[in-house]
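Just so you know, the protein sequences line up as chains A and B, in that order. According to the UniProt record's numbering, the first sequence is numbered sequentially starting from 1. According to the UniProt record's numbering, the second sequence is numbered sequentially starting from 1.
No lab work stands behind these hints: they were computed from the structure. Careful: at least some of the hints might be erroneous.
Stated by the list, open to error - Only part of the chain A face toward chain B is listed, based on derived beta-carbon distances under 7 Å: (1) Gln-25; (2) Glu-26; (3) Asn-95; (4) Gly-100.
For each residue, glycine too, the CB sits at the ideal point set by N, CA and C.
Number of protein chains: 2
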Amino acid sequence: MNSPAPSPTLTVSPTACSTTCPLCQEPGGLLVAQTPLWRVVRVADENFPAFYRLIWQSHVAEFSDLDEAQAQACMRAVTTIERVLRSALSPTKVNLATLGNVVPHLHWHVIARFDWDSHFPNPVWGAALRELNEPAWTRLALALPDLDAQVAAALQRH
Amino acid sequence: MNSPAPSPTLTVSPTACSTTCPLCQEPGGLLVAQTPLWRVVRVADENFPAFYRLIWQSHVAEFSDLDEAQAQACMRAVTTIERVLRSALSPTKVNLATLGNVVPHLHWHVIARFDWDSHFPNPVWGAALRELNEPAWTRLALALPDLDAQVAAALQRH
Numbered sequence: 001m002n003s004p005a006p007s008p009t010l011t012v013s014p015t016a017c018s019t020t021c022p023l024c025q026e027p028g029g030l031l032v033a034q035t036p037l038w039r040v041v042r043v044a045d046e047n048f049p050a051f052y053r054l055i056w057q058s059h060v061a062e063f064s065d066l067d068e069a070q071a072q073a074c075m076r077a078v079t080t081i082e083r084v085l086r087s088a089l090s091p092t093k094v095n096l097a098t099l100g101n102v103v104p105h106l107h108w109h110v111i112a113r114f115d116w117d118s119h120f121p122n123p124v125w126g127a128a129l130r131e132l133n134e135p136a137w138t139r140l141a142l143a144l145p146d147l148d149a150q151v152a153a154a155l156q157r158h
Numbered sequence: 001m002n003s004p005a006p007s008p009t010l011t012v013s014p015t016a017c018s019t020t021c022p023l024c025q026e027p028g029g030l031l032v033a034q035t036p037l038w039r040v041v042r043v044a045d046e047n048f049p050a051f052y053r054l055i056w057q058s059h060v061a062e063f064s065d066l067d068e069a070q071a072q073a074c075m076r077a078v079t080t081i082e083r084v085l086r087s088a089l090s091p092t093k094v095n096l097a098t099l100g101n102v103v104p105h106l107h108w109h110v111i112a113r114f115d116w117d118s119h120f121p122n123p124v125w126g127a128a129l130r131e132l133n134e135p136a137w138t139r140l141a142l143a144l145p146d147l148d149a150q151v152a153a154a155l156q157r158h
């Protein structure tokens, strides 16, 4: 790990940056952990509070732009996040996705879903099905800073 | 490859099946290729004709239920499909996702997206943004049976 503790400093190499790509210019969320290959941020989404994003540090568009070792490192980290979410929150399901239609810089969404959440079983990009009476984060088994710390610690160990 | 040619016969072990899970009971699309670990089907979706699904043969819910070797085999196959879509169709973007909120049996969506498609840049699960004047499949660079054959051949080689 280059910088296991949360830090606002990005390790993106300037030569691998696109000057017009927001994920080359900004963290893309609350920085939780990073290595020279990837960073993990938590996304501020009131409907889906346990929403992490693994962002590849270099500006590549597609998962298949990674070589085999990079792809394995990427999915090992994604899987590590998923395991923490399962262990800490016992979600109904974990959703993984890399879309990038709007920002074609490789990033993976890792989202804990619950049968009580606003959209379940719809995808988070689909239609909402219900309104909650309280903020979604209050229904998680763990406070978000503690969850961030567990994700960071697991990524440091993995 | 256990059965590289398209075949309606599933290789799922009965002991790994759930009697109530549709992906344990049915192919889940047009079968394109399979091994003892996974099968690849093409999904009949008129809006997104170049839509493949890798379905894990055993009934597991989450990607992190796979061990390291299984996860690597899974993502190698997903990446192989993505590479064929990119090479054959030059899509604007490829979307990868494993959600499973409705059918919690591990399956990966691999979808070629185009800036002209009905939803782009929205996710396929989001709102449609336009209507096409002709069937989407007519705008692909390749006929779907030929695309299936390229996917099957690549999965056999990979």
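Next item on the list: With a cut-off of 7 Å on the beta carbons, see whether Glu-26(A) makes it to chain B.
Entry: Hint violated; Glu-26(A) Cβ to chain B Cβ min 19 Å, cut 7 Å.
Checklist line | Closest C-beta approach of Asn-95(A) to chain B relative to 7 Å, hint status | finding: holds (5 Å)
Notebook entry, point to check: Close enough to count: is the Cβ of Gln-25(A) nearer than 7 Å to one in chain B?
Noted result: Gln-25(A) check fails; min Cβ-Cβ to chain B is 19 Å, beyond 7 Å.
Item checked: Hint check, Gly-100(A) versus chain B [nearest Cβ-Cβ separation less than 7 Å] -> Because about 6 Å separates Gly-100(A) from the closest Cβ in chain B, which is inside the 7 Å limit, the hint holds.
Checked against the numbered hints given earlier, the structure breaks hints 1, 2 and satisfies all the rest.
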